[in-house]
Amino acid sequence: MTFTYPTSAAPALEGIGMTIEKGEFAVLCGATGSGKSTLLRMFKRELTPLGSLSGWVMFSGRPLEELDDRTSASAIGFVMQHPEQQIVTDKVWHEIAFGLENLHVPKDDIARRVAEMASYFGIGPWYDKDVSELSGGQKQLLNLTAVLVMQPELLILDEPTAQLDPIAAADFIATLKRLNQDFGLTIIIAEHRLEDVIPAGDRLIVMDKGRIIANDRPDKVIAGLRGRADILCGMPAASRLFAELDGEGSSPLTVREGRRYIESTYKNDIRKAETAEPEHSDETALEFREVFFRYSRESRDILKALDLKVYKGEIFCILGGNGSGKTTSLSTAAGLLKPYSGTIKVFGKKLKEYRNRSLYRNCLAMLPQDVQTVFLKNTVREELRDSGADPEKLPFDITHLLDKHPYDLSGGEQQLTALAKVLAAEPELLLLDEPTKGLDAGAKLNIIGVLKKLRSNGVTVVVVTHDVEFSALCADRCGMFFDGRIVSSGTPERFFSESSFYTTAVSRMTRGFYDNTVTVEAAAELCRKNGRRLS
Amino acid sequence: MRSFSEYDPKVVALYFFSVTGLAMFCSYPAITAMTLGGGVLYYIVRNRRKRIKSHLFFFLLFLALALINPLISHNGATVLFVMNDNPVTLEALLYGINSAAMVVGVLYWFRSFTEIMTSEKLLYLTGTLSPKLSLVLSMALRFVPLFRRQSAKVSDAQKAMGLFKEDNVIDDVRSNMRIFSVLITWALENGIITADSMAARGFGTGRRTQFTNYRMRRWDYLFLAADIVLMTLCIWAAASGAYTFEFYPMIRYRGSAEHKIIGEAAYGILVLLPVIVELEVNIRWKYLKSKI
Numbered sequence: 001m002t003f004t005y006p007t008s009a010a011p012a013l014e015g016i017g018m019t020i021e022k023g024e025f026a027v028l029c030g031a032t033g034s035g036k037s038t039l040l041r042m043f044k045r046e047l048t049p050l051g052s053l054s055g056w057v058m059f060s061g062r063p064l065e066e067l068d069d070r071t072s073a074s075a076i077g078f079v080m081q082h083p084e085q086q087i088v089t090d091k092v093w094h095e096i097a098f099g100l101e102n103l104h105v106p107k108d109d110i111a112r113r114v115a116e117m118a119s120y121f122g123i124g125p126w127y128d129k130d131v132s133e134l135s136g137g138q139k140q141l142l143n144l145t146a147v148l149v150m151q152p153e154l155l156i157l158d159e160p161t162a163q164l165d166p167i168a169a170a171d172f173i174a175t176l177k178r179l180n181q182d183f184g185l186t187i188i189i190a191e192h193r194l195e196d197v198i199p200a201g202d203r204l205i206v207m208d209k210g211r212i213i214a215n216d217r218p219d220k221v222i223a224g225l226r227g228r229a230d231i232l233c234g235m236p237a238a239s240r241l242f243a244e245l246d247g248e249g250s251s252p253l254t255v256r257e258g259r260r261y262i263e264s265t266y267k268n269d270i271r272k273a274e275t276a277e278p279e280h281s282d283e284t285a286l287e288f289r290e291v292f293f294r295y296s297r298e299s300r301d302i303l304k305a306l307d308l309k310v311y312k313g314e315i316f317c318i319l320g321g322n323g324s325g326k327t328t329s330l331s332t333a334a335g336l337l338k339p340y341s342g343t344i345k346v347f348g349k350k351l352k353e354y355r356n357r358s359l360y361r362n363c364l365a366m367l368p369q370d371v372q373t374v375f376l377k378n379t380v381r382e383e384l385r386d387s388g389a390d391p392e393k394l395p396f397d398i399t400h401l402l403d404k405h406p407y408d409l410s411g412g413e414q415q416l417t418a419l420a421k422v423l424a425a426e427p428e429l430l431l432l433d434e435p436t437k438g439l440d441a442g443a444k445l446n447i448i449g450v451l452k453k454l455r456s457n458g459v460t461v462v463v464v465t466h467d468v469e470f471s472a473l474c475a476d477r478c479g480m481f482f483d484g485r486i487v488s489s490g491t492p493e494r495f496f497s498e499s500s501f502y503t504t505a506v507s508r509m510t511r512g513f514y515d516n517t518v519t520v521e522a523a524a525e526l527c528r529k530n531g532r533r534l535s
Numbered sequence: 001m002r003s004f005s006e007y008d009p010k011v012v013a014l015y016f017f018s019v020t021g022l023a024m025f026c027s028y029p030a031i032t033a034m035t036l037g038g039g040v041l042y043y044i045v046r047n048r049r050k051r052i053k054s055h056l057f058f059f060l061l062f063l064a065l066a067l068i069n070p071l072i073s074h075n076g077a078t079v080l081f082v083m084n085d086n087p088v089t090l091e092a093l094l095y096g097i098n099s100a101a102m103v104v105g106v107l108y109w110f111r112s113f114t115e116i117m118t119s120e121k122l123l124y125l126t127g128t129l130s131p132k133l134s135l136v137l138s139m140a141l142r143f144v145p146l147f148r149r150q151s152a153k154v155s156d157a158q159k160a161m162g163l164f165k166e167d168n169v170i171d172d173v174r175s176n177m178r179i180f181s182v183l184i185t186w187a188l189e190n191g192i193i194t195a196d197s198m199a200a201r202g203f204g205t206g207r208r209t210q211f212t213n214y215r216m217r218r219w220d221y222l223f224l225a226a227d228i229v230l231m232t233l234c235i236w237a238a239a240s241g242a243y244t245f246e247f248y249p250m251i252r253y254r255g256s257a258e259h260k261i262i263g264e265a266a267y268g269i270l271v272l273l274p275v276i277v278e279l280e281v282n283i284r285w286k287y288l289k290s291k292i
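Those sequence lines, one after another, are chains A and B. Last residue of the first sequence: 535 (the working numbering), numbering continuous. Last residue of the second sequence: 292 (the working numbering), numbering continuous.
The hints are simulated quantities; they were obtained by calculation from the structure and are not laboratory data. For each residue, glycine too, the CB sits at the ideal point set by N, CA and C. Among the hints, erroneous ones may be present.
[Unchecked claim] Selected chain A positions facing chain B (Cβ under 10 Å, derived; list incomplete):
no., residue
1, T89
2, A97
3, N102
4, V105
5, G124
6, D128
7, D130
8, V131
9, L330
10, A365
11, L367
12, Q372
13, T373
14, T519
Given the sequences, and given the hints that come with them, work out the whole structure.
Encoded structure:
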C-alpha cells in the first residue's frame, strides 16, 4: 500500500505490506512524522485522510470499503491522543451511550451494555458526573469505554497515553493487556512511551519515513535495530542497555529480564563509578519560605509550608504525583496565584517588590503545561516577531518551521517554538511545566540538550515533571513533591538510588549490583568496566 | 416515595407550564393569589430556611411592581388621594398588586423549576422533540465551560510570558482581543478532533436512538393524570367566563358561582400538588425511621 497526501510530493506511506492476526497485540513505533498516524487511519474507514491511495486493506477477509457503515463504525474502534477533545457530550453516561445511540440500538440494550461496561471498568462511582470533573486518566478510560461498548473486533489506539502521567499511562496499558487476554481483542497501538507497552505486545512494528523497517516479535526486532540510535532511544531501558553493550541473542525488555541479563553476563565486582560532587553557586535564584496556598477559604491547603531553594545556574526538577501541588508551586512563583502566608523571593527580591509586571521583564518566564496556550498567531514567523524573538540568535534551530501554523507542529516542535517565544524576553529564571509531555524520545533528548545549553548561558531552570527518566538525564538536583511540600531533594544519582519506587528503570535494574546508577550510559559504563563473565 | 424533583422531567415540565401558563393567561385575583402562595410555599418546602436573600429580593420586587402602577396609571373611579395634582385610585392600586403578585408568583415557580431542571433533564426534554437538537445542546453545554477554562489558561500563559508588559488598560484590552481570536482557532481545531471521534463512532449512519436514564413510573402517571384533569377543569372554568375580572373603571366580575368554585378549587389543588408529594415523602421517611 502506498499513500500520498494531496499537498505533498513524497508519499506518506510507501510499500506497506503487513498482516495482523486475530487476537494479536501489535505495537507500532517510530519517530514523529514517520507515518504512524496515517497508517492507523488507513485501518479506520471513517478517518482515512484524502489523498491518492494504491493498494488495499482487508478486514476479516473483506475489503474495508465493502463493509456497511454501521459495521465499519462498530467493528473497528479508534482511540486518539487527546483525552479532552474526543469526548462529545457533557455527561459520562451519555458519552458511553453515544456510539450505541448512533447505531440505533434499542434503549434497553443500550442500558444493559452501558451498565456492563461501566462496571467492568469501575466507572460506576463517576457514572453521573460531568465529564469536565474527570482527571486526564479517567477521561482516556472513558474514551476507551465509549469505543468498547460498541463491541469492536479490532481496537486501534493512536498514542493514547501521550497526555497522561506515568501512573495513569501504566494503568491504561494494563487495561489494554487485560482486554487482549480476557477477550482476545485485537489491538494495534502506536506509542512513544514504550517502556510499558512493548513487554505487553506480541508484535513490534517499526516505521521510518513512511516504510515499515521491522515487523516481528519485540525482542527480535530490538536485537535487529543495532546502529539505529534514533529509534533505539525510545525503547525500554533494558533493551537500550543491551544494545549499548552489543549484547547477543534476544534482547531483554523488562526490568526483570534486564536484571537477569546483568547478573548472568557481567562480573559485577566494581560497584561504583567515580562521580564528581556537583557544585552550585551560593546565590539563590528562587526561594520559597514556608509558603501556604489554598484556592478558597473553605478548601484545603495545596501548598503546606513549602520550603525550597533553587540556586543560580542550575536545573532543578520537581517530581511528584498528580495533585501534589507541583504546578501550583510554579504558578505562585510566577505570581499568577497569591499564597496566603509565607514569602517567595526571586533573585533575592520578594515577589511583591516587583511592581508593574517588572517580574516578567528580563527576569522570570513560565511555560505552561499546555503549550498550545502560548500561541496567538497564524505562523511561527509571526509568533516570533510578535514576541520580538530572533530565530538566528536562539540556542537551537527552528528556521525550517517558520512558515507553518503553530497548531500543525509536532509536540516537540511546539515546545521548541514556545521556548523561543519565552526566551525573547531574556529570562534569567525559566519555569517549565511538563515540557516532555507527549514527546517522542528523540524530541526529549533534544529538549534536554536545549536546557543544558541554556544553563551554560547562565539561565536557571525549574522543571515540574512526571518524567523520571528525563529528570535523571538533565537535572542538577531533583526534589520530590508530596502533600504540598518538597519532602526530599538531592542530585539525581543520590535522589533516585535512595527511592525504590519513584525511580528510573535503570536504577531498579542495577539495584544490588551497582550503587548510584540511574542512567543507561552510566550502567553501560560500569558493565564494561566489570567485564563479562567467562563461561 | 420520590421527591417531586425526581419525577420524570416530562411530568415536571408539563406541571410547571400548566401552573404558570394558567396564572399568566387568567388575570384573576384568586388565581394570582394562589400562584403566589403556592409558589412561595413550595419554594420554602424545597429550600427550608435557606435562600433568605431571594425572598427579600422577591418581596422588594413585589412592592416596587405593586406601587408603580397606581403612580403611573390614573384610571379608576375611587380616588384615594391626590398627589402632585394626579389622582391615585384604589382600582389602579389593586391592579398593581394583582399583576405584581402574578409576576412574583410566576418567578417563584420558575426559580423552583430551574433548580429542579438540571441541564441533563432539559436535554432529555429537547431529545424527545428532536434527538439532533439535543445532541447539539449537549455539545454546547460541554463546550462553554471548556472555552472559558482554555481562555483563562491562555491568559495566564501569556501573562507569565510577559505579554501584558505595560500595566495599563489599553494594553490589557488589546491582549485580550488577541487571546479571543486565537481561541476561535483553537475551538475550530478542537472541533476537527471531536468530529473525527464522532464519525469513528458511527455518527450520521442513519437513525439515532435517544438513550436516557429516565423512565415513567406509577407515580409519574398518577401525577400526570392529576395534572391533566385539574388543568382541564381550570381551562373549562376559564372558557365559561368564570375568571373574567375587570379592574377599570370599577371592579366588576361575572360568571356563575359554581364554575368559579370548581375552577378555583381545581387550581388550588394544582398548585399544592408538589407540596403534597413532598409531605407524603417526609411522612413516610419519619414513619420508616420510627420503625428502624
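- request: Answer holds if the nearest beta-carbon of chain B is closer than 10 Å to that of A97 of chain A; otherwise answer violated.
  value: holds (4 Å)
task: With chain B as the partner, please determine if V105 of chain A meets the hint condition of a C-beta pair closer than 10 Å.
output: holds (6 Å)
Restraint satisfaction for A365 of chain A [CB to CB of chain B, less than 10 Å]: holds (6 Å)
task: So, G124 of chain A near chain B? Judge it on the closest CB pair being under 10 Å.
output: violated (14 Å)
message: Let's test the interface hint: is any C-beta of chain B closer than 10 Å to that of V131 of chain A?
response: holds (7 Å)
query: Given T89 of chain A as an interface hint, is the shortest Cβ-Cβ distance to chain B below 10 Å?
result: holds (5 Å)
query: Is the shortest C-beta separation between T519 of chain A and chain B less than 10 Å?
result: violated (31 Å)
- request: Return the status of the interface hint for L367 of chain A: holds when the least beta-carbon distance to chain B is below 10 Å, violated otherwise.
  value: With a minimum Cβ separation of about 8 Å from chain B (threshold 10 Å), the hint on L367 of chain A holds.
message: Let's test the interface hint: is any C-beta of chain B closer than 10 Å to that of D128 of chain A?
response: holds (8 Å)
message: Holds or violated: the hint that L330 of chain A contacts chain B, with Cβ atoms closer than 10 Å.
response: Interface hint status for L330 of chain A: holds (9 Å vs cutoff 10 Å).
message: Hint validation: T373 of chain A versus chain B, beta carbon distance must be below 10 Å. Holds or violated?
response: T373 of chain A check passes; min Cβ-Cβ to chain B is 4 Å, inside 10 Å.
query: Can we keep the N102 of chain A interface hint, with Cβ of chain B closer than 10 Å?
result: holds (4 Å)
In this structure, the hints that do not hold are numbers 5, 14, in rising order.
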